[in-house]
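Go ahead and model the full structure; you've got the sequences and the hints to work with.
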Amino acid sequence: MLPKSFMRSVIVVLVTGLGVSAASAQRLSGRVKVDGSSTVAPIMMAAAEMYGEQEPRVQVTVGISGTGGGFKKFLEQRADLRTDISDASRPIKASERELAAKFGIEYIEIPIAYDGIAVVIHPDNNWCKDLTVEELRRIWSPNSQIRNWSQIRSGFPDVPLKLYGPGPDSGTFDYFVEAIVEKEKACRNDYTASEDDNVLVQGVTGDKGGLGYFGFSYYVANKSRLGLVAITGEGGKPVKPSVETIRNGTYSPLSRPMFIYVNKEASYRPEVKGFVNFLIDNAVKIVEHPTVSYVGLSSELYAAGRERFAKGITGSVFATPDAAGKSLEQVYLGR
Amino acid sequence: MSASDALFEPRKQRRALVARLFHAACVLITGGAVVVLGVLLYRVWHDGSELLSLEFLDRFPSQITPEKAGVKSALWGTVWLIGLTAAVAIPTGVGAAVYLQEYAPRNAFTRLIQLNIANLAGVPSIVYGLLGLAVFVRWLRFDRSVLSGSLTMSLLILPVVIIASREAIAAVPNSIREAAFALGATRWQTVRHHVLPAAAPGILTGVILSMARAMGETAPLIMIGALTYIRFVPGGTHEAAPGLAGWVGWFGEAIRDPFVVLPIQIFNWAEQAQPIFHKLAAAGIVVLLTVMLILNGAAVVLRAFWQRKQP
Numbered sequence: 099m100l101p102k103s104f105m106r107s108v109i110v111v112l113v114t115g116l117g118v119s120a121a122s123a124q125r126l127s128g129r130v131k132v133d134g135s136s137t138v139a140p141i142m143m144a145a146a147e148m149y150g151e152q153e154p155r156v157q158v159t160v161g162i163s164g165t166g167g168g169f170k171k172f173l174e175q176r177a178d179l180r181t182d183i184s185d186a187s188r189p190i191k192a193s194e195r196e197l198a199a200k201f202g203i204e205y206i207e208i209p210i211a212y213d214g215i216a217v218v219i220h221p222d223n224n225w226c227k228d229l230t231v232e233e234l235r236r237i238w239s240p241n242s243q244i245r246n247w248s249q250i251r252s253g254f255p256d257v258p259l260k261l262y263g264p265g266p267d268s269g270t271f272d273y274f275v276e277a278i279v280e281k282e283k284a285c286r287n288d289y290t291a292s293e294d295d296n297v298l299v300q301g302v303t304g305d306k307g308g309l310g311y312f313g314f315s316y317y318v319a320n321k322s323r324l325g326l327v328a329i330t331g332e333g334g335k336p337v338k339p340s341v342e343t344i345r346n347g348t349y350s351p352l353s354r355p356m357f358i359y360v361n362k363e364a365s366y367r368p369e370v371k372g373f374v375n376f377l378i379d380n381a382v383k384i385v386e387h388p389t390v391s392y393v394g395l396s397s398e399l400y401a402a403g404r405e406r407f408a409k410g411i412t413g414s415v416f417a418t419p420d421a422a423g424k425s426l427e428q429v430y431l432g433r
Numbered sequence: 234m235s236a237s238d239a240l241f242e243p244r245k246q247r248r249a250l251v252a253r254l255f256h257a258a259c260v261l262i263t264g265g266a267v268v269v270l271g272v273l274l275y276r277v278w279h280d281g282s283e284l285l286s287l288e289f290l291d292r293f294p295s296q297i298t299p300e301k302a303g304v305k306s307a308l309w310g311t312v313w314l315i316g317l318t319a320a321v322a323i324p325t326g327v328g329a330a331v332y333l334q335e336y337a338p339r340n341a342f343t344r345l346i347q348l349n350i351a352n353l354a355g356v357p358s359i360v361y362g363l364l365g366l367a368v369f370v371r372w373l374r375f376d377r378s379v380l381s382g383s384l385t386m387s388l389l390i391l392p393v394v395i396i397a398s399r400e401a402i403a404a405v406p407n408s409i410r411e412a413a414f415a416l417g418a419t420r421w422q423t424v425r426h427h428v429l430p431a432a433a434p435g436i437l438t439g440v441i442l443s444m445a446r447a448m449g450e451t452a453p454l455i456m457i458g459a460l461t462y463i464r465f466v467p468g469g470t471h472e473a474a475p476g477l478a479g480w481v482g483w484f485g486e487a488i489r490d491p492f493v494v495l496p497i498q499i500f501n502w503a504e505q506a507q508p509i510f511h512k513l514a515a516a517g518i519v520v521l522l523t524v525m526l527i528l529n530g531a532a533v534v535l536r537a538f539w540q541r542k543q544p
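For the protein sequence lines, the chains are A and B, in the order given. For the first sequence, counting from 1, position 289 maps to 387 in the working numbering; every step adds exactly one. For the second sequence, counting from 1, position 202 maps to 435 in the working numbering; every step adds exactly one.
By construction, these hints were calculated from the structure, which means they are not laboratory data. Please read all numbers here as calculations on a predicted model, not as lab measurements. Any given hint could turn out to be false.
To be verified - Heads up, simulated EDC-like pairs for lysine to aspartate or glutamate below, C-alpha to C-alpha not over 16 Å straight-line:
(1) A:Lys-170 <-> A:Glu-196
(2) B:Lys-301 <-> A:Glu-151
(3) A:Lys-383 <-> A:Glu-196
(4) A:Lys-200 <-> A:Glu-233
(5) B:Lys-305 <-> B:Glu-288
(6) A:Lys-171 <-> B:Asp-291
Have a look at this one:
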C-alpha cells in the first residue's frame, strides 16, 4: 500500500510541477466561467482573486445561481453558453447526469471542502446543550405538533419553541432535511424561512425560545450572539461542530462535502487547467481563509482530486447506488 | 346669526374639525415616511461610512481582503448598463410617443396599441428577464453580456418612457401647433421646433424616473445571468486599436463583456457571513444612492433649464 501511494504522490508532484513551470514560462490569458452554489461561491471568489494575482491576464468570473441553477448553465444545450466549472454543495443528481449524457458533456468531479450545518439556539438558553438526530427529526418532520421546548425532552422548560431555517430553494435545506427527516423535501412548513442566513441569525438572536440551523461559517461569524447545540448521531455521543469534528467526520450527519465539476473539454484550455490546479494546490489556504471559513479536506483527498483531474477521470463517484451515505474517504480512496 | 350665515356655515365646527384632522393625518403620513427614510439612511451611513473613500470607487470586490474591497466593477457595470439603456430606450420611447400622439390616426388599432403599452408597464420585471434570456442571450446570441442586459432593461422601461412622453406631448396646447401650421410649418418642423421643446421637461421627468428604476432593478438581470463576481469592467481587458475603427471595434467587444451592477454587488455582500461584508454592502448602498441623487439632480437642473428657454 505504502509504495503505491508513494509512487502516486511522486507522479502527482511531477505532473503539477511540470504544469507550474509551463505556466510561468508563458503568461496565460482568457476567461474561465464559474457558476453554481451560493454556499461554495466564497471559495470560488477567493480562488479567483488569488489566481488573478498569479495570472493577471486570466479573468475568472463567478456566478451565483445556486447548485441546481449552476448545473443548468453547466449542462446547457448550446455549447457557447456553457460554463467551464460548476460549483455545488451536493453531488450531481441523477437527472443532471442524464442531461449531461444527452448532450454528450463529460465532466470531472473534484471534492473541494466540507461545510458543517450548525444547529443554534439563543445564548441565554441554558437548558439545551445537545439534541439527538431523533429529536431533531421529531421537531422538523412534516406536520410536527412540537411547539414548546417541554415537548422535545422531559426536563426542558415550558418555553414556546420558535423555529428558523432556510427555505426550500436552498441547498442547506435539501441537505438538512435529507440527513434528518430522510425524506426529500419533506419538512414542516410552519417556521420562519429565509434564503438569507443572516436573517436566520437575526431571528435566533432575538428569540429566547429560538432554534435554527444554517451554515457553520455563519455561526463562526456570530459566535458571541448564538448558542451552539451538540448533535448526537450514530456515534451515540453528543458532538459539537468544529473544524476538527467536521473534517474527521465525527460531526455526523450534519457535515457535507462541496464539489467542483469541470467540463472535460474546457479542462484542456490552459487557463482552466491552471485555475483548477491552483485551486487544488492552495485549497486549504483558500477554504479556511477567515473570510471564507469552511473546512479543508485531508491531503489524501486533495491528492485524489488532483489525480482525477490530471488523468481526466470523468463521471461522478456518487452515480453508483451504494455510494449513498458513505464518506469522501470511502468513495474516493476506497477505505 | 342671520339666515345667510346659517346657509354658508352649516355644521361649520364639524367641517373645520375634519379639515384639521385631515391636515394632521397628511403631516403624520409624510413625517412618518421621512422619518423611516431618515432612519434607513442614517443606519446605512453609520454602517458604511468608515469604508467609504474615493478608493472604494476604484477597487475591485475582494473576498480575501474585504477591507480593501470596492465597487469598481459594479459601478462601471451600472454606468455601461444605464448608458446603453438610455441610448436605446430614449430615442425609441420618445419616437413612439411622438408617433402615437402627433401622427397616428385615432382608431381601434392605435387604441389597442395604447392599451397594450399601459399593460406592459405593469408586467413584473422577471418576465422581461425571461424574454431577454430567450431573445437576446439565446436567439440573437449576445451571450450573458452588458448588451443583453441593457436591451432587456430598455424593454422594461420603454412603456414608462412612452406613457410619460405621451402625457407630456398631450399637455402641449393645441394653439401652439395651430400657430405653427398657420405659418406654413410642416408636421416635422412643428414637432421639432415647438411640440418637443415644450414637452421636454415632462419627457425628461419620465425618462429620469425610468432610468432610476432601471438602476435599482435586479430580477431581470439575475435572470439573464448577471449575478456574477468579476474583477474587471466591460471593455477593461481589450486594447483599442488607434483610430475610429479601432475604437468602434473596442466598443463592440466591450458591450459583449460580462458585467455586474451595483444592486447585485450589494446583494452579494449582504448575503455573506462576516460583518465586514455587511459594512461593504452599506457602503455600496451609499454609492448607489449617490449616483441616483446625481441623476435626479441632473433632471431637476435640466428641467429648470428647458423651462427657462420657454417663451
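Here is how each hint holds up against the structure:
1. With a C-alpha separation of about 12 Å, the suggested pairing of A:Lys-170 with A:Glu-196 holds against the 16 Å cut-off.
2. Of the pairs offered as hints, the one joining B:Lys-301 and A:Glu-151 holds, with about 15 Å between alpha carbons and a cut-off of 16 Å not exceeded.
3. With a C-alpha separation of about 35 Å, the suggested pairing of A:Lys-383 with A:Glu-196 is violated against the 16 Å cut-off.
4. For a cut-off of 16 Å, the pair hint linking A:Lys-200 to A:Glu-233 is broken: about 43 Å separates their Cα positions.
5. A distance of roughly 9 Å separates the Cα atoms of B:Lys-305 and B:Glu-288; the hinted pair therefore holds under the 16 Å criterion.
6. With a C-alpha separation of about 31 Å, the suggested pair A:Lys-171 and B:Asp-291 falls outside the 16 Å cut-off, and the hint is violated.
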